[in-house]
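S.K.: The listed protein sequences correspond, in order, to chains A and B. Read in the UniProt record's numbering, the first sequence has 271 at position 271, and its numbers run on one by one without any break. Read in the UniProt record's numbering, the second sequence has 46 at position 46, and its numbers run on one by one without any break.
A portion of the hints provided could be inaccurate.
Stated by the list, open to error - Here are the simulated DSSO-like cross-link-like pairs (lysine-lysine), alpha carbons at most 30 Å apart as the crow flies: (1) A:K428 with A:K491; (2) B:K62 with A:K415; (3) B:K193 with A:K428; (4) B:K7 with A:K440; (5) B:K106 with A:K279; (6) A:K416 with B:K135; (7) A:K164 with A:K195; (8) B:K135 with B:K7; (9) B:K7 with B:K193; (10) A:K440 with B:K126; (11) B:K135 with B:K193; (12) A:K279 with A:K265; (13) A:K415 with A:K491; (14) B:K106 with A:K415; (15) A:K195 with A:K209; (16) A:K491 with A:K440; (17) A:K309 with B:K62; (18) A:K416 with B:K184; (19) B:K193 with A:K415; (20) B:K193 with B:K62; (21) A:K415 with B:K184; (22) A:K131 with A:K156; (23) B:K106 with B:K62; (24) B:K193 with B:K106; (25) A:K27 with A:K164; (26) A:K440 with A:K416; (27) A:K158 with A:K131; (28) A:K428 with A:K440; (29) B:K135 with B:K106; (30) A:K415 with A:K440; (31) A:K428 with A:K415; (32) A:K416 with A:K428; (33) A:K309 with B:K135; (34) B:K126 with B:K106; (35) B:K7 with B:K106; (36) B:K62 with B:K7.
Read the hints as simulated data drawn from the structure, not as lab findings.
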Amino acid sequence: MQRIICIWFPFLESERLIRQNHDLALKPFALIMREANRAFISALSRNAENMGFAPGMSLADVRAAAPDMLYYDADPMQDIRCLQGLLRWASRFTPRVSRGGGHNLYLDITGASHLFGGEDTLLDTLETQLKNFGFTARLALADSKAAVWGFAHFGKSKSNITAKILQEAANDLPVEALRLSYASTALCQRLGIRKIEDLVVLPRVALTKRIGLEGINRLDRFFGRSPEVTEFARHRKRLIEEAQFFDPLATNAGVEAALEELLEKLCQRLSGMQQGIRKARLQLERVDHETMSFFIQLTRPSIDVNLLKRLFLHHFEQIDVGFGIDRLILIAEQAAPLSFHQLSLENTKTQNREQDKERLINELSNMVGYRYIHRFFPADSHIPERAFSREAALYASRSQRWISSSGKRPLRILKKPVSVLLSDGIEKRAPETVFWHGHKCHLTPLSGPERIEPDWWRDDPDWRNGPRDYWWAKTHFGALFWLYRVSDGMKTQWFVHGLGS
Amino acid sequence: MRHETLKQQIIALELGRCERQLLPLGLPAIDDALQGGLDLGAIHEVTGPAAVFFTQLIMRQKGGGVFWLTTRSPNEEYYPPGMAQYGSRPEDFIAICLPDTRDLLKVAYEVLGANVAGCVLLEVQKPLTQTQMRKLQIAVQNTDTLGLVTRFTHVGMTSPEQEGACGSAITRWYVTIVDWSHEKTQIELYLVKNRRGSPCRWIVEIDHATHHLHLVSVPGE
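Chain B extracted, bound-state conformation:
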């Protein structure tokens, strides 16, 4: 028991405040592995072919408006009508699309620090450096905003180990689609990096109507 409390205190110190604020994903297996849920006021990295699906899921869970920051891509863009079908609220989205990554990061520091959005989704072309990541973390640490960083790549041409590789994120996820139908989606969540515990894998099913998560199986067990 003392061990647990000490652990909590260390985490709190790391985040620069006395108590952790959490966003539980609503699935005990995952929440336990994260020691309660995703940390708010922290940066999480989501990668993989189904990164957008998972970020969309987290953003809906969190609520409270989204700032979506991206460098201009020549061809791909987010599709709000599709987001709306999965229960997100595109009317609360604010999209900031800048051609230059440096400008975008400057904006990101402002937005993360302002504590006005539920989630801030930052989409970058190249992996961020350790310094940039750390600066994002410092900007967000005293707020209850959830910072999400994804990398803009041509879907699926990388493996979980290649993606990301930035030290400062609290968690890093690699997400792929297992099965999909109009009613439900099965995704494989691979928690590649986890500051709160060890890496894990799950296959999770999401019901599109009720937005409930069910654990289907744990690969390798």
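The following block holds chain A by itself, in its conformation from the complex:
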């Protein structure tokens, strides 16, 4: 049987703010959200809630009742980030942790609780540690996610429910603890069914008609009668190595040595499985519970310890050791089968070069970010700016050969064509003088026109002026312009779209 802990943070939003600004601890304040031109309360601090306010009230009402109440803008993204931080913290108790909807965390502690002195002690530890962080938490421990949610939200805090006492303990919970649909809950209220004990005594067939199959399913899941999908995505099938230190590591060199050891262990395990690391994360936990994560990515899976270590070392200048690091976790986020083993006989010079090149791309991608390093790929379009695409070199392999189009194309292209001349009437020939970046520029037309029609199936704002006639022209200072003409019947405008030199 699974044992799952649910941690609910009833005052997450306000306590997050208090953690940033301790002066707020004793003051009542509210977090507001704006919708259209209405501002309403999305969360309240504990003090404010004790004064009788509730989320959902409009800001105007609250201010009328309590003029000196402070209020701040709510920031749901920050709340989620805060929860993710707590999730990382929780992963020290069990690898299987997940974040539910709302401000809930789930910890699957099956077979892990004895490491922390038993289930009740573990609940106490969790509560005290969270209290030290400044968070009010309501905890519950039961066999299923559905039940544990109900007990965390509506039961006694730190209730430890075993299968034996589940039935009995559930009797006192209100119907809302089942998380039925809004309509079903309202129906139960109307029928006078307030508690779960009132619900379970009803005949099942009649109940199904009233609260629907979904409701019955929820009830079954609550009592562990039907299986539920429990997702603990974080550490599923993940390759992890970790090291704990009694004496915290105080220098980068120490971290480096520990990292090497972890990499060796992990690579040895992976080599047995014929797998290599494609993406890895190193998590450092400091004595003061601060965590830092560093990612690396590779073009092809590898188990080369030196290579992997070098990639991590690029991040090492960001490490803030603080009072010391007492735990290192190395996670192979993505592993893939090792493609092939290079035999020494085949090691010709060019092959070596290709490998070195790949290694360099790996290293640079991890040094400056893979988004900045590209390869070019041909694209099938006659529109000049669409005729190629760029992909991150870390993921893309070498492209096919390029097929050249019929007309000559420039060596450089201007992403936004530069207007160089506007003239009255319709001109057919390329102009003799244009203004290039504010300078007068004499042109010698060389060849043209080449007509390029826009894609009729695509509404491209740059091509709304209709077909373009492209010309090649040489400037008096020795550059080559690729320019085009668009006319609307009254005026003709010339643009430079590329440079052939």
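Chain A is fixed; fit chain B onto it per the hints.
M.R.: For chain B alone, kept in the frame of chain A given last:
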């Protein structure tokens, strides 16, 4: 004869190795002026309105993959389909585009020293300092990579004497287009700085189909 050998030895000492590796451009007049061709494992500067055309020519001549390093420009970018038409191989290009010149130079030192590319083309907004140039030269000197530095300017608003002005490059070129058609291009090559000899000028014709170079004339003669 002894004079010649001594000269070669001095050059080799300058480059920090015992023998010169060269990339001949395939035109005797130019190769003689460079004493055999462009030095590999060295930095060359290409400037002028047709700098891209000439670098493209050198890169095709050299082969073996190109690392193209540039600071992000707001509007201009290289156009691989056009490169392909002149015989370059854009599939072997790796473009590294960073917003900051300091980061770019850091990457440049790595790439030049790794000896994995045929050419490394570094494109910068402002002229490099003597120290930066020297560091590039030191990074590249024990490899057979060809280092090319160009400056990103609005085409043609400068003269050969204004451009560049960095001491450490082995050669500096100022290139302009003389004539162009679908079949061939005529360019004027002005070798502004030449460690291997004296500055020279040529007008050269390039056939787009065969990629052969012909000497058209030598201005001033």
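S.K.: Determine for every hint whether it applies to the structure shown.
M.R.: Evaluation of the provided hints:
1. Our distance criterion of 30 Å between C-alpha atoms is met by K428 (chain A) and K491 (chain A), whose separation comes to about 12 Å.
2. Using a Cα cut-off of 30 Å, the hinted pair K62 (chain B) and K415 (chain A) holds, with the two alpha carbons roughly 29 Å apart.
3. Proximity of K193 (chain B) to K428 (chain A) is assessed by CA-CA distance (about 43 Å); at most 30 Å being required, the pair is judged violated.
4. Note on K7 (chain B) and K440 (chain A): the hinted pairing is violated, with a Cα-Cα distance of about 47 Å set against a maximum of 30 Å.
5. In summary, the hint linking K106 (chain B) to K279 (chain A) is supported, as the alpha carbons are separated by about 24 Å, within the 30 Å threshold.
6. The hinted pair formed by K416 (chain A) and K135 (chain B) fails the criterion: a straight-line CA distance of about 35 Å is larger than 30 Å.
7. This hinted pair checks out: K164 (chain A) and K195 (chain A) have alpha carbons roughly 20 Å apart, not beyond 30 Å.
8. A C-alpha spacing of about 24 Å is found between K135 (chain B) and K7 (chain B), which places the hinted pair at or below 30 Å, so the restraint holds.
9. Between K7 (chain B) and K193 (chain B) the CA atoms are separated by roughly 18 Å; this keeps the pair inside 30 Å, and the hint holds.
10. For the hint pairing K440 (chain A) with K126 (chain B), the CA-to-CA distance comes to about 24 Å; that is within 30 Å, so the pair holds.
11. For a cut-off of 30 Å, the pair hint linking K135 (chain B) to K193 (chain B) stands: about 19 Å separates their Cα positions.
12. Only pairs whose Cα atoms come within 30 Å are accepted, and K279 (chain A) paired with K265 (chain A) is accepted, the gap being roughly 16 Å.
13. For the hint pairing K415 (chain A) with K491 (chain A), the CA-to-CA distance comes to about 24 Å; that is within 30 Å, so the pair holds.
14. A threshold of 30 Å between alpha carbons decides the hint, and for K106 (chain B) with K415 (chain A) the separation of about 27 Å falls inside it, so the pair holds.
15. As the CA atoms of K195 (chain A) and K209 (chain A) are separated by approximately 19 Å, the hinted pair is consistent with the 30 Å bound.
16. A C-alpha spacing of about 20 Å is found between K491 (chain A) and K440 (chain A), which places the hinted pair at or below 30 Å, so the restraint holds.
17. Our distance criterion of 30 Å between C-alpha atoms is broken by K309 (chain A) and K62 (chain B), whose separation comes to about 34 Å.
18. Taking the CA atoms of K416 (chain A) and K184 (chain B), the gap is about 28 Å. The hint holds against a cut of 30 Å.
19. The straight-line distance between the Cα atoms of K193 (chain B) and K415 (chain A) is roughly 34 Å, outside the 30 Å bound, and the hint therefore fails.
20. At most 30 Å may separate the alpha-carbon atoms for a hinted pair to count; K193 (chain B) and K62 (chain B) meet this at roughly 21 Å.
21. Taking the CA atoms of K415 (chain A) and K184 (chain B), the gap is about 27 Å. The hint holds against a cut of 30 Å.
22. For the suggested pair K131 (chain A) and K156 (chain A), the alpha carbons sit about 17 Å apart, so the restraint of at most 30 Å is met.
23. Note on K106 (chain B) and K62 (chain B): the hinted pairing holds, with a Cα-Cα distance of about 24 Å set against a maximum of 30 Å.
24. Taken as a hint, the K193 (chain B) and K106 (chain B) pair is honoured in the structure, with Cα atoms around 26 Å apart against an allowance of 30 Å.
25. Distance hint between K27 (chain A) and K164 (chain A) is unfulfilled; the C-alpha atoms sit about 44 Å from each other, more than 30 Å.
26. Distance restraint check for K440 (chain A) and K416 (chain A): the Cα-Cα separation of roughly 20 Å lies within the 30 Å cut-off, and the hinted pair is therefore satisfied.
27. For the hint linking K158 (chain A) to K131 (chain A), the alpha-carbon distance of about 13 Å falls within 30 Å, and the restraint holds.
28. Distance hint between K428 (chain A) and K440 (chain A) is fulfilled; the C-alpha atoms sit about 21 Å from each other, no more than 30 Å.
29. With a CA separation close to 10 Å, the supplied pair K135 (chain B) and K106 (chain B) stays within the 30 Å bound.
30. With a CA separation close to 22 Å, the supplied pair K415 (chain A) and K440 (chain A) stays within the 30 Å bound.
31. With a C-alpha separation of about 25 Å, the suggested pairing of K428 (chain A) with K415 (chain A) holds against the 30 Å cut-off.
32. This hinted pair checks out: K416 (chain A) and K428 (chain A) have alpha carbons roughly 23 Å apart, not beyond 30 Å.
33. At most 30 Å may separate the alpha-carbon atoms for a hinted pair to count; K309 (chain A) and K135 (chain B) meet this at roughly 26 Å.
34. Taking the CA atoms of K126 (chain B) and K106 (chain B), the gap is about 16 Å. The hint holds against a cut of 30 Å.
35. The hinted pair formed by K7 (chain B) and K106 (chain B) fails the criterion: a straight-line CA distance of about 33 Å is larger than 30 Å.
36. A distance of roughly 25 Å separates the Cα atoms of K62 (chain B) and K7 (chain B); the hinted pair therefore holds under the 30 Å criterion.
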